[in-house]
Amino acid sequence: MTPLPQTLDQHYDAALRKLKPHHTILMDEGNPISFQEFQLSVRRQVAALKLAGVIPGQMVGYSVPNGLAAFTLPLAISRIGAACLPMYVLVPDEFRCAAFAQARATFVVVPGESADNFRQIAAAKGMTFSVLTSEELLQADPEELPPAISVPDQPFLFATSSGTTGQPKPVFMTQRNVASALSAAYDLSSYGPWRTDSDYRAMIAFPQSTSGIMILLGTAFLGVCQVFTRSLSPARFLEIAHAVDAEAFSAPPAWLEALLSIPVNATNRVPSLRGVAAGMDFVSPSLLQRLGVRFPAMDSVANGYGLVETATVFMIWKGDGKESFAGPTGRLTLCEGLGNEIRVVTETGEDVAIGEEGELWTKGPSVITSYLGNTQGFQDGWFRTGDYVVRESDTTVELRGRRKYLIKRGGKSVSPLVVQEAVDRSPGILRSAVVGIPHALYGEMVWAFAVAQPGAEPSTASVMKSVRAELPSHMVPDRVEFVETIPLGKGVGKVDREALIAQGKALLEKLGVQG
Amino acid sequence: MKQNLTWEACRDRVAGFLGMEPSQISRTTHLFNELCIDSLGIFSLGMHLIEGFGVQVPLSEVSSIATVGDLYDAMDRHRAAVAP
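The listed protein sequences derive, respectively, from chains A and B. Using the numbering used here, read the first sequence as starting at 1 and increasing by one per residue. Using the numbering used here, read the second sequence as starting at 1 and increasing by one per residue.
If you are wondering where the hints come from, they were derived from the structure by calculation, not from laboratory data. From a predicted model like this one, the values you see are computed outputs, not experimental measurements. Ideal Cβ positions, reconstructed from N, Cα and C, are used throughout, including at glycine. It is possible that some hints are incorrect.
16 Å max Cα-Cα, derived EDC-like pairs, lysine to aspartate or glutamate [stated by the list, open to error]:
1) Lys465/A with Asp12/B
2) Lys494/A with Asp281/A
3) Lys50/A with Glu144/A
4) Lys2/B with Asp76/B
5) Lys404/A with Asp496/A
6) Lys404/A with Glu444/A
7) Lys20/A with Asp281/A
8) Lys510/A with Glu51/B
9) Lys318/A with Glu347/A
10) Lys404/A with Asp281/A
11) Lys505/A with Glu51/B
12) Lys408/A with Asp38/B
13) Lys465/A with Glu21/B
14) Lys412/A with Glu357/A
15) Lys404/A with Glu347/A
16) Lys412/A with Glu347/A
17) Lys465/A with Glu34/B
18) Lys2/B with Glu34/B
19) Lys412/A with Asp38/B
20) Lys412/A with Glu444/A
21) Lys125/A with Glu94/A
Under 8 Å between C-beta atoms, here's a sample of chain B residues computed to sit facing chain A [to be verified]:
22) Phe17
23) Pro22
24) Gly41
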């Protein structure tokens, strides 16, 4: 068995050996980009960065729109032996400048139209980075690709994690961490409908998110043609997917939910879709079953699990066949071949038996070994994920949710995911979210916020009847609140729990039963 | 709009909260043994009834409630405290 690449450069070198120059590696708004063009972009950016004075070990921040330049830039930075901090273009300029300065970026790459403003902010705030434009990087004369100099333990990708405490913590992924994340794409691409040729087109949402970069580069280097749009519109996403006959989507659950809200027409049906790779959040059976109806040929799904501290995906659930969409969707298995390990432990750090619950700990090539200047959350080389799981084997667990989201009701822990799945299965329910509402008597009450299917009229009675047949009494919701929509947070659109908790508190106050 | 508190209305609302048919519930139906409501579930049911009838039962009386009939009687005693 060939050893997996240990650096991003090794991944790229493997792709250079494998892929033909005319191979379509990406499609930008439906327009094909050959691997030859991709290589040329890397070589131009390497030349321009070196000409600007970037040297090994320096930090290069960048913030450019979805496009070829954005996807080749991390490869060029890696080839020089430098490190990078990618940031979304939608973040305000002042905030991006502050983040680049905090990460001690020596150079920052932004589109030409933003460059002057970045320079002015930097000058006014005493920031010392130099501003380069993404356009000038692509105008440089290409030079031969230099030999790789990055080593596996070298810090490479700077990111921020909310971690287990909710406090943002800076994370520096090493080359090994990033290489491991790209290798996770091997596992993703080795089952179901995924094929590694450019006739196989996968549509990717948020290609510049940390996990998006890993999936895009990892699968593209295997030969999958990754298709993206510069727009952040779900409607546009579907139109492009339809036009290129996309066979797979890579997107977080909230994005998939948004796709389902778009009325079907002749230009967005995407009858070719066969598989979905989700991630960044729990994917519910309700969502998968509705996707299966919307896209009749869809018969497989993968949900990647990971955190910034694990360089995104290191465990995965694979569902093969529409019957698998009914779940359980939180059954996660370590990605094959990466060399990561897991433990499921009690609060005192002892391993639990098979079938028992505990916190998921992990270590291995995907996992960082500390935060910058802070080892909180790490113990004896293991990273404590803060997620509660049931141990099924040495490599498989059943996800119960974030430790901080577990509902403490009268001294018993309730997994909101388990309750949510049961509520979602109730007749007439489109989707739901379950949170703990603080209450003096209960500790926390179990509240389900549910959205009805169009035309259906579910009631508290119908949900309770269904849920009571599945769950023990302490897990049955204390209240089912019907809402028009589930509020979503910023970013990839995870459920806005704080908004739901505020809604619950307000209702308790109105009823005069705060406890 | 609050409902008038009657035994039938109370029974129907309890059944609704539990996802049961009203015919499955009588005054002697035991909350813990037959309906499998845990101690905190009584308060959740109580909240559902407050919303329906606007009648609150003091916490001190809840411990003496064992059947659906007990629950109705306790609410009936306190309905006078509710503003029309």
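If any of the earlier hints don't hold here, list their numbers in rising order.
Result: hints 7, 9, 18, 23 break, sorted rising.
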